[in-house]
Amino acid sequence: MRLVTVIEITAVLVGAFSGFIEARRKRMDLVGVFTVAFIAAFGGGTLRDILLDRRPLFWVQHQEYAILIFVLALVASPLMKTLRHIVSERLIVIADALGLGLFSVAGVSSALEAHMPIFIASMMGVITGIFGGVLRDIVCNEVPMVFRDGKPYAICAFLGCWLFLLMGMYGIPREFALWSSAFFISGLRLLTWRFNVQVGR
Amino acid sequence: MRLVTVIEITAVLVGAFSGFIEARRKRMDLVGVFTVAFIAAFGGGTLRDILLDRRPLFWVQHQEYAILIFVLALVASPLMKTLRHIVSERLIVIADALGLGLFSVAGVSSALEAHMPIFIASMMGVITGIFGGVLRDIVCNEVPMVFRDGKPYAICAFLGCWLFLLMGMYGIPREFALWSSAFFISGLRLLTWRFNVQVGR
Amino acid sequence: MRLVTVIEITAVLVGAFSGFIEARRKRMDLVGVFTVAFIAAFGGGTLRDILLDRRPLFWVQHQEYAILIFVLALVASPLMKTLRHIVSERLIVIADALGLGLFSVAGVSSALEAHMPIFIASMMGVITGIFGGVLRDIVCNEVPMVFRDGKPYAICAFLGCWLFLLMGMYGIPREFALWSSAFFISGLRLLTWRFNVQVGR
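Chains as they are written, first to last, in the UniProt record's numbering: chain R, 1 to 201; chain Y, 1 to 201; chain U, 1 to 201.
Worth flagging that the hints you see were computed from the coordinates, not collected in a lab. Watch out, some of these pointers could steer you wrong.
Because identical chains share one entry, a pair is satisfied inside a single copy or across any pair of copies.
What the hints assert, rightly or not - Below, simulated EDC-like cross-link-like pairs (lysine to aspartate or glutamate); rule was C-alpha separation at most 16 Å, straight line:
# : residue 1 : residue 2
1 : LYS26     : ASP53
2 : LYS26     : ASP149
3 : LYS81     : GLU113
4 : LYS26     : GLU142
Could you build all of it, start to finish, from the sequences and the hints given here?
In structure tokens form, the structure reads like this:
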């Protein structure tokens, strides 16, 4: 249980960061920057919890994360200007890949706890992993990147969720299954990014 | 009860097909094609169930439909190329009109079972009938077609939902009311399409 | 309890009006005009209730408001043409500021009743106040105005929600806290509008 929490916190920060970038690119003001970061960070998990009818929501139970994003949004503008010179695209992709793995595995795990059938559980994992970004792009009036760039982003999440599900079927301990599946997703995402793999349309 | 299920299955396939078309038009990749088809097929019913707080969701209870759309999405690209020469616009409009009728009537029926007041029940019917398409268009970054083409699409659904509600008040058997209202909606939609009826703005 | 109801009704009408304007600007048809007005009026409160898992929704419990917007939508087109000569921008801004204050305070109050932690409650207030407009803009395929115009709209709501929360902590009677916080939000919004205050990006 605590492992899943650790997983979600890390992913939240990475998600918020992607929201800051997108909101700044759209020249949004402070309110937009906070909201888009919040949606990018918590959107996937919130959609999953609404679909599963789970309450309290993650960010209601842990208001400290909402406050953290609020404070970061206040300093996002100078923060981004400084970070621009420090943070390379490579670093963003790596952090985002970690977030994808951690979020997706947390999602499929929650769905199993809520007694979802297995294919639906794998979908809930992918939803948790990618819908923060999807909702972020919709709010920013873009066709969601993950639906159109032909890169195996959601597909990595989907494969890793099935790895987790299969490990569960074969009685592999849950902690090990969680971490290794998250690592598998992040690694696969980075490998396909490094070698610029495209999935056929 | 089983009748409503049959109604929803048919409508799901028609909805998914509209999602395939729209996602291909937007040059989305496999992930986009599946997601948009899924949203087009299940979006209206899912929104209704969230508003009514009904669980499990239709596609959670019947994961075979989610799997079916998943498999269809995998073959959507060659499928669409083949179907383009076979499926005329007329056929798409007919299938879509059937979906509209079936979905809307299933929606108003569910809302009554959930003890919604009567006007709200009629709205839930229309939401179930049209919001798959609305959410599909929002994800594809378009102003929803059903809100701007001036054709009586949602209005057909609305009138048919009231036909169903009135039949219920006058004690007409539920099965008959369901099928005849769905038939009424589909027929009215096709008639207004055939004669190019426009509702004044 | 009745006070909160009065608060929400006033705000609903103002919200619907903003939806009429936006839908007409986008040349939507009758269905679009009704739906956008409905979303603008009830979207914020509905999102709050879904997040809090509160049912029945406000507009389900009070179907008379849904019917009212329906009737207004039927006459929206001639109504708007007439009102264009009567209603100045100033009047719209004033009505909207009243709606913002009333909605936000109703939202934070509901969130407290649902035992939300305090920062989350303030966020729920702001969500109730601004997300009708946010969802309206998303459906109309626009980047939400409130995220990009740099005016302290959501910020007024946020400050007023904290005023309400602080009054509660200091034992100030709830009725007084509700009205004075709503008045504070509306007044601050109008002042910052009048003097064209911009919050730095």
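The hints, checked one at a time:
1. In this homomeric assembly, LYS26 and ASP53 never come within 16 Å of each other (Cα to Cα): the closest approach is 33 Å inside a single copy and 32 Å across copies.
2. In this assembly of identical chains, the alpha carbons of LYS26 and ASP149 lie at most 16 Å apart only when taken from different copies (11 Å versus 19 Å within one copy).
3. Taking the shortest Cα distances, LYS81 and GLU113 never come within 16 Å of each other, neither inside one copy (42 Å) nor across copies (41 Å).
4. In this assembly of identical chains, LYS26 and GLU142 lie within 16 Å of each other by CA distance both inside one copy and across copies; the values are 10 Å within and 12 Å between.
Violated hints, listed in ascending order, are 1 and 3; each of the other numbered hints is respected by the structure.
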